[in-house]
Amino acid sequence: MVGVFVGLKLALLRSSLRRSTARAVGFVAGTVISVAGACYAAVGLALGQGEPDAPDVAVLAFAGLAVAWLVLPLSFGAGGDESSDPTRLAVLPVRPRRLIAGATASALIGPGPLCTLVLITGAVVGAAEGALGSFSAALVTVLAVPLMLLLCVVASRALLASFARALTGRRGKDAAALGGVLTAVGGYAAYLLLTTAGSGLALPPLVVRVLRWTPPGWPADAIRAAADGRTATALLELAGTAALIALLMVWWHASLARLMTTTDSSTAQAVKVRAGRTTGLRARLLTSSRTLLVAHHQFSAFARSPRHRMTMIAALAYALLFPVVMAAVGMRTPYAAVGGAWVFGLTVPGVLFALDGSAIWSNVATLRTVAHARAELVGRLLPQLVVIAPWLTAVATGVALVSGRTDQLAAALGVSFALLGVTFAMGMAISVFHPYPYPEDPWSVSAPGQSGGYHLANFLSSILGVVAVVPVIAGAIALNGSVFLWLLLPLGTAYGLLAVLVTLRTMGRRLFDKAPEILTTLRMS
Amino acid sequence: MQHPPEGDAVPAAVEVRGLRKEFDGKVAVEGVDLTIPRGSFYGLVGPNGAGKTTSLSMITGLLRPDAGTVTVAGYDVWQDPYEAKHRIGILPDGLRLFERLSGRELLRYTGRLRELPAPDTEARAEELLDVLGLTEAGDKLVVDYSTGMRKKIGLAAALLHNPPVLFLDEPFESVDPVSAETIREVLRQYTATGSTVVFSSHVMELVAALCTHVAILAKGRVIADGTLDEVRAGRSLNERFMELVGTPAGKAKGGSLAWLGSSSG
Ligand SMILES: Nc1ncnc2c1ncn2[C@@H]1O[C@H](COP(=O)(O)OP(=O)(O)OP(=O)(O)O)[C@@H](O)[C@H]1O
Ligand SMILES: [Mg+2]
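Just so you know, the sequences run in chain order A and B. Here the numbering used here is used: the first residue of the first sequence is 379, the next is one more, and so on. Here the numbering used here is used: the first residue of the second sequence is 941, the next is one more, and so on.
Quick caveat, the hints were computed from the structure, so don't treat them as lab data. Careful: at least some of the hints might be erroneous.
[What the hints assert, rightly or not] Here are the simulated EDC-like pairs of lysine to aspartate or glutamate, each with C-alpha atoms no more than 16 angstroms apart in a straight line: (1) B:K1159 x B:D1020; (2) A:K892 x B:D1006; (3) A:K892 x B:D1020.
No experiment lies behind these values; they were computed from the predicted model shown.
Whole structure, please, built from the sequences with the hints as guidance.
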């Protein structure tokens, strides 16, 4: 069964990459970049060997990895891995143990697990001082690596399976609540990462001591225990990890069994949508302006799709949490709102046609002028803009008032708006040049690497976005302390607007010319 | 209005010349020529993978052809989309609908994209929902629709702006017999006023009963086309189809699959 699953996953990956060169390039580039990053971090961790706090760093690294594995797939769908879908094998008579073994094996394939393995190895090497002194210590050290990897992967899959209904369910009533929880956890993880990255190990020892008692801390602590000669403790900790993995597998299987044999409970009572009045001003506006029509449509699509609603809520929450975390580490300034704008760019604008997928054929079929094409682009940006711009303004104002730096408020907003504009401009260009369908179903087998491409596009655009607003940032530095600092608000806003307008001109034209090709790409999902 | 006049004097509703499409070096449509007279009920039949969906996508402006031209109601679909798209109604196959709209909202959205006046959209949408038996499901999300209901709401969306030419890819697939009869009646009425329907189907009896004209596609080529009587040449359409595209059923008779059916478990 393991062989079947692994073979299936590899075959799917190969055929999906073969269907599109752009996707293959995106997948390979994404893999290379993330593995390179992981190697860099791993070497850093490994070089810590011998430092007094190296074992604590390993504990922190393991905890961070575990949190990332739990949170990231939930907030971003299956995180670029939609290829292993055990529910599709529901019709085959497969015993639970073999099913889970096979599913685990196929879950271990991919860039994510590879990066994790690299990081774990780095952290273990860092903590392994004296571990080669005895056979039992060496054995514990070597065993800790696969156990930790399994713990991450299995816990992530088990959680994803048990929340699959909430994430893909037609109502997704739990999803919003879940979004709140994830955001809090994610924010805390960010806080941990920032404080450790910023100042060596600024965490109070208590936190490390607590983390050591959490499951991801067990294999990390086992290494130190073994090196210290406390072999019984070490073995107990490893056995605990293994037992936990087994329990998670049981939970995973139970969730899968439920997924296979029950339908989405929210369909038991189908959703009825009240169709509002359609004469009057709203109807006239929507009929007369294609931009407003597309925007209205996009907005309700966002509001009704639990996953996208959650992404949006999470992005808003991160935009709020970022300044809070920054304040906690001592950066008390409204400029922190710029970070919020950046995080937003990282998660939301994405690819404009991703949400609709091949359903945009009806827009393509009615795309009669270049003006229509521009309306498609602007309409898809508007709903996000009207949500995020006031939100950033409120956050920046709040931070300015609390920190007493109201003098920097206008400039902070100017830089934020410039960044937002550039982010949206980039989103338009990417959507038109490299449209990606966003898999509606995170379990879909069809296209591994696809949502990886989606996130990679977002990531690259947010990096480029920062480069593109360098002039505005330079302006903020140059005018710092001067009475003309407020000028940055109109200038930055104009800069962002200009970026959008210039891109809109060229991309509208290109969308008009290439709409059928874009549809063909989206059709491949 | 008036009945479709006979003969060549009338300009064709759809002219397709030398249409061609390759996917990764594999030819899917290989030089299709079609002349579809105005007011005709035109059936497109052919085995799976013959290129029906690919051809219809290229004819309606959803898939760019590698070569060839398409004129609909006198306008080149790929040179003059402004005029052509206005005159085309489409029910595609294998493309998604907006899952998170209700059926009624989907029609409303389509009407607005088509720039119809709001009151017209409302009135037509209600009538279409009523005729197609979707009134009750009108406020349900499309994501909760059955396969047949999807076909019906797609058909309603295609009819909404009353286009002179309608392209339907397998409109009767999964549709129940009562609804199918309704759809047939709607389409008959529609072509009787001079509008044109082009549709693909696998149900020969249906095509023979409905169509004035038929084209048989196989391996990306038109192997027979003309009026129904010309194509069927005195036999039933089904017999003629089997004769033209060959009968792999013979293989099943000749001893392969011998293991099938003698259940031992
Ligand atoms: N996007 C695509 N990429 C690659 N090949 C394709 C694509 N779309 C269609 N094809 C191929 O083109 C050929 C024609 O397919 P098409 O869908 O037009 O057939 P069809 O006549 O509609 O068949 P059916 O009766 O099953 O609907 C098939 O061989 C199919 O595999
Ligand atoms: Mg087809």
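Structure-based check of all given hints:
Proposed proximity of K1159 of chain B and D1020 of chain B is contradicted: the alpha carbons are some 29 angstroms apart, above 16 angstroms. Taking the CA atoms of K892 of chain A and D1006 of chain B, the gap is about 14 angstroms. The hint holds against a cut of 16 angstroms. A distance of roughly 15 angstroms separates the Cα atoms of K892 of chain A and D1020 of chain B; the hinted pair therefore holds under the 16 angstroms criterion.
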